[in-house]
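Undergrad: Following the hints, put chain B in place on chain A, whose structure we already have.
Sequence lines, in order, name chains A and B.
Residue 300 in this note's numbering sits at position 300 of the first sequence; the count goes up by one each step and never skips.
Residue 371 in this note's numbering sits at position 371 of the second sequence; the count goes up by one each step and never skips.
All the given hints hold, so there is nothing to weed out.
As a list, the in silico DSS-like pairs of lysine-lysine whose alpha-carbon atoms are at most 30 Å apart: (1) B:397 <-> A:86; (2) B:41 <-> B:420; (3) B:420 <-> B:45; (4) B:45 <-> B:8; (5) A:86 <-> B:132; (6) A:86 <-> B:315; (7) A:46 <-> B:317; (8) B:397 <-> B:386; (9) A:30 <-> A:46; (10) B:397 <-> B:420; (11) A:86 <-> B:317; (12) B:386 <-> B:420; (13) B:315 <-> B:132; (14) A:180 <-> A:31.
The hints are simulated quantities; they were obtained by calculation from the structure and are not laboratory data.
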Amino acid sequence: MPWTRRHLLTIEELSLAEIDQIHATAAAFKKILGRNVKKVPALRGKTIVNLFLEPSTRTRMAFDMAAKRLSADVISLDGASSSTTKGETLRDTAQNIQALNADLIVLRHAASGSPLYLSRILNIPVVNAGDGAHEHPTQGLLDTFTMRERLGDLRGRKVTILGDILFSRVARSNIHALTKMGAAVTLCGPSTLVPGWFTDLGVTVSHDLKSALADAEVVMLLRIQHERQSAGHFPSLGEYTSMFGLNKTRASWLHPKAIIMHPGPINRGVEIDSDLADGERSVILEQVTNGIAVRMAVLYLCFGGQPESVAVVD
Amino acid sequence: MPALWIQKARIIDPANRRDAVGDLFIEGGRVVASLSTAARKRARKIDARGLVACPGLVDIHVHFREPGQTHKETIATGSRAAAAGGFTTVVCMPNTSPPADNAGTIQFIKDAAQRDAVVKVLPTGCITVGMKGQALAPIGSLRRAGVVAITDDGDCVQSNELMRRALEYARMFDLPVMDHCQDASMTQGAVMNEGVVSTRLGLRGWPNAAEDLIVSRNAILSEYSGAHVHMQHISSRFSVEILRHAKSRGVRVTAEATPHHLALTDDLLSTYDTHLKMNPPLRTEADRQALIAGLRDGTIDCIATDHAPHTDYEKDKEFDFAPNGILGLETALPVSLEVLFRKNRFSLSRVVDLLTRRPADVLRLPAGRLTPGVPADVCLFDPDEKWRYDARAGQSKSSNSPWHGQTLRGRVRLTLVDGKVVHEAPASA
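Chain A extracted, bound-state conformation:
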């Protein structure tokens, strides 16, 4: 089946076959990353604009790196230095970027739905690098890529996502990817941050940490997003840690071979014990590295590349 999408906006709209294609393409690119010369000419002559209207470290650098590994030219623009601070609308900013001959926009934006909005306005592909509390599709893809590398087939495997789910786009993208792949997803955290409405997405919601962690083969921790919370979602960070922070005792409830994941940025000592973050079960830095290969795959496919031709792109 050929790849036909120009945009990557959500995981919700992807089929399992499309997720498989992205992962297969990412696996091929990951081999290239292990070589001495890490660059392929696949996107030579193309210009990618990273329009990051909300702060980012990992995602932005990984997109930057991915584009450069594919030999594209990259321009990065962030909120503080763009004309949006002068009152320019997103439509006008994006149309100007298109008029400057950009070939693809990677958008990070605080407003949910904004990549879909841009994709309707522009003629060039739009890749969602995180929109509000909605989706972060490349993160969901790299997380599930990492899980598949470590665990193989995810069907029937218990994956627990722990923390601030309400405001998390990472959680939503992972929920969609994991449920399509047949994993058994449990969400856990304080009831104010993990409302029961999530069960509508085909997951289990639990506020009991022990049963949520029991036999889980993956635990994914999420940061408490101070910047999106108005007030009063939980008493204090200290209470959060005491109730839901992952420490060594609690980690022992997991499946013996369980892996610990975190999309970053980590708040050490809050959602995760510092030692665990650096421990042998942690795959946090593998996630970051895989993020390059997955984003290379996404950029390559959105430019019309086909999964089976990756082996010969160089």
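TA: Relative to chain A, chain B alone:
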């Protein structure tokens, strides 16, 4: 002005318990029981076979944006949109710029209406100065200047104490107090209904409870003060229950529902279409059904549009950043007919009632009837005609409607204000 002789219409006049095919006579700008033989000869005759003739529709909730936001709408364009929708009396909200919180601004609106409006445009005044919810506006002066009610629509009065005093004070003049029921502390940054859909879309939710709390408060304070509180654009099922209970106790509360809350639900928002963004937000199917049941048993008194024009460039934004509100006047009748008459077995007469006599009675306006002697404010519509609604070609200055481009059923053919034609639809294809 020659007399008008509307022939063989189905005349629906709920206030006079009339629903029968017959002729309607208008002379000297008023409805008359009959015309003299001489007058009949000179009269303009309108063949109304297949059409409904009813009182001009009444909308007690519109935003005409004048003064201050005339790039969105003016009293002139808004009144033409009203006429095109069959409305002959509208009540405009005071959230203009500056807000209508003083007699001078009310006079400005009345002057503009007198000069520019093709339908009857009645002002409301603010409850509090600047709609800031901190100090009472000069309610007595506003009443003297001619407001038909007071409201801080869009900015619900948050202080229970201040609301209590507003009601007690308004009670002195028996002036209705209209309230947009929203606990602001529960809706910080909210852009849509809170629930399954907002969870999926990652949009900040506006819970039903924020409306229910204020509806309860208003019912309690209405009973305590004896003042009439009208709850604007009710959207939540529990609010309907609270109103039902309050009315059964004889509390002086009334309520309205909008055509969009009756027709649409929040699961349409997957496209992040800003033409589905309004306040209160579209709710769930259970809420929608509760509103219909509330209209059926009289818990909700009437339909009102909350006609809220915004320009294309204001609505053309990320969902979070687009302003709340949609147009309503030109689509209210066909949408209400579709939801209530076609899908929910309301009689045609009942739907007409909810758009004419009932809203007029909520604010005790002299409108919504065809009793001989009253000003001839009349709507003539074809309940079956299908037509394509082009919001850009509509009479409003703005075009922010979720029904743009859709085929609607039920079309206003003729609108009369004081016996004068203020809107006439082009001949049907």
